[in-house]
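Participant: As they're listed, the protein sequences go chains A and B. Heads up: the first sequence runs through residues 1 to 142, numbered per the working numbering. Heads up: the second sequence runs through residues 1 to 421, numbered per the working numbering.
Read the hints as simulated data drawn from the structure, not as lab findings. There may be inaccurate statements among the hints.
What the hints assert, rightly or not - Partial selection, computed: residues in chain B whose CB lies under 10 Å from chain A:
| no. | residue |
| --- | --- |
| 1 | P22 |
| 2 | E25 |
| 3 | M86 |
| 4 | M87 |
| 5 | V89 |
| 6 | R92 |
| 7 | E96 |
| 8 | Y118 |
| 9 | R121 |
| 10 | V130 |
| 11 | G131 |
| 12 | T411 |
| 13 | I418 |
| 14 | R419 |
| 15 | V420 |
Keep in mind the model is a prediction, meaning the values are calculated, not measured. Positions of the beta carbon are idealized from the N, C-alpha and C atoms, including for glycine.
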Amino acid sequence: MITAFFAPTTQPSKLTIPVYGSTVPAGFPSPADDYLETRLDLNDLLVHDPAATFMVRVCGDSMSGAGISSDDVLVIDRSIEPVSGHIVLAIVDGEFTVKRLRKQNGHIFLLPENPAYPPIELQDGQELQIWGVVTGCVKSFL
Amino acid sequence: MPLFALVDGNSFYASCERVFRPDLEGKPIVVLSNNDGCVVARSAEAKMLGIKGFLPYFQIADLCRRHGVAVFSSNYALYGDMSARMMQVIGRWGLEQEVYSIDESFITLDGIPTLRDYATRLRADVLQRVGIPTCVGIGSSKTLAKLANHVGKVFPKARGVFAWDWLAPEWQDKLMARIAVGEVWGIGRRLTEQFANMGIHTALDLKHADPKMIRRQFSVVIERTVAELNGISCLSLEDVSPAKQQIIASRSFGQLVTDFDTLASSLTHHACRAAEKLRRQHSEARLVAVNIHTNRFRVQDPQYNGWLVVPLVHPSSDSVVITSAAMAGLQQMYREGYHYKKAGIVLMEISEAGREQRDLFTPLPDPRRTALMSTMDRINREYGRGTLRLGSEGIRKDWAMRQEKRSPCWTTRWDELIRVR
Chain A
1 MITAFFAPTT
11 QPSKLTIPVY
21 GSTVPAGFPS
31 PADDYLETRL
41 DLNDLLVHDP
51 AATFMVRVCG
61 DSMSGAGISS
71 DDVLVIDRSI
81 EPVSGHIVLA
91 IVDGEFTVKR
101 LRKQNGHIFL
111 LPENPAYPPI
121 ELQDGQELQI
131 WGVVTGCVKS
141 FL
Chain B
1 MPLFALVDGN
11 SFYASCERVF
21 RPDLEGKPIV
31 VLSNNDGCVV
41 ARSAEAKMLG
51 IKGFLPYFQI
61 ADLCRRHGVA
71 VFSSNYALYG
81 DMSARMMQVI
91 GRWGLEQEVY
101 SIDESFITLD
111 GIPTLRDYAT
121 RLRADVLQRV
131 GIPTCVGIGS
141 SKTLAKLANH
151 VGKVFPKARG
161 VFAWDWLAPE
171 WQDKLMARIA
181 VGEVWGIGRR
191 LTEQFANMGI
201 HTALDLKHAD
211 PKMIRRQFSV
221 VIERTVAELN
231 GISCLSLEDV
241 SPAKQQIIAS
251 RSFGQLVTDF
261 DTLASSLTHH
271 ACRAAEKLRR
281 QHSEARLVAV
291 NIHTNRFRVQ
301 DPQYNGWLVV
311 PLVHPSSDSV
321 VITSAAMAGL
331 QQMYREGYHY
341 KKAGIVLMEI
351 SEAGREQRDL
361 FTPLPDPRRT
371 ALMSTMDRIN
381 REYGRGTLRL
391 GSEGIRKDWA
401 MRQEKRSPCW
411 TTRWDELIRV
421 R
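Next comes chain A alone, as it looks inside the complex (with noise of 0.2 Å):
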């Protein structure tokens, strides 16, 4: 049975986490009331075009050295347009993977950032097709 439903990105909720423009002192009438500023919200800093913008969960270490873990949330913008050197969430041969985009000399690869990885060249014939660029990446330590 369906018990919650999440809608990111369409109508963000505000997080309402306070902003003061001072510090405040304890155990007196705070004076920093005057200087209460607009909630932050974790969607300004994450999310440029709520319409474009998707996530997806990580499974497995192959990008652990750019800070990408498993289990970690990637935030995945489709409005932005490729270019050597993102992160981009690519389908290759109908199947979807994260890696640092890299075109060198006309060539084409998506390079995984832990050794343990062998880099993907594109073949000839073979087809790459970028899904989304990756913006940002929202980890839990709970």
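Start from chain A and add chain B according to the hints.
Facilitator: Relative to chain A, chain B alone:
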């Protein structure tokens, strides 16, 4: 002169599935209705295999297996989210936008000079950001835009974009003469038959029909369609969809049902869902129609189709009042010994809440009940649908939907995100 475009997603449900299943690129896909009953969406490849829409699934199951067709239960959480994304992107391209259905949206494009280029870039933008391929039809009325969309879809040479303005008037007519009148927006099967008797077979015939005669024999609405086909815009974009005049809540059962109690609990569920929808649009209903029926595709079974309309003393949106009416209806119409396939509720005679003349001789509804209902709605919104429900709905859902082939809710549930290596 106004200029309208209708943008719609190609084989929308199938396309949504494919965005997250790149291995299905170029492969046939069908999506089944609630309960995996019949085909509601087909990819172009499935259409080419000769799979027709709305066929019961069991009739094509073999064919699907033989040709490796990917079969999905409908995943409305996914389609709803993808639709919202698609509409958001399309909306940026128009001056105004009307979301017409889950996969169709009208926008106005007045004053845009290079339409072909503009529409092509619009399509590319939606494809890149959301991953859904679309078609764009452009005309000087909504009816013409919708018909242009049909042209863009059926004629491969159009490559997904078509505007009537690109053709000289005599070529527009030649093209319209090739389109069956049933393809015109708002012309259903019944009208098509009536038109046939009058010699109106094509879109062009209707365009040239005498408006006065059409109005006399049919309605102002169809007369408007004739004007719109002639390029005279009668329908503007609707910003807000009007409150629904009829609310339907019904489902086929996961398995055939024979007993009264199971029917009663499913009808309670539907009555409450319908009442909740009613409250959300701030209206009340005066009539509660109840329907139960057997499976007409099981020809070996005795058939029964019960339909009963129960009037309420006061128009109401109270879940308990509407459920009681439904139960009274069910009691009258339930017959033992049948295998029931489906049960449903239709609320009719809907009006704005609180606008009805009250009956002098019956006590007014208790205002505390209104408060109770809005509390219930709030709790269900916050803690998930079905957190609070009427006891007669039951705990076990013997009648619940069958969705054996549903894809994960890729975009709306944390625990169902795509896993990537």
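Participant: Determine which of the earlier numbered hints do not hold for this structure and return their numbers in increasing order.
Facilitator: 7, 8, 9
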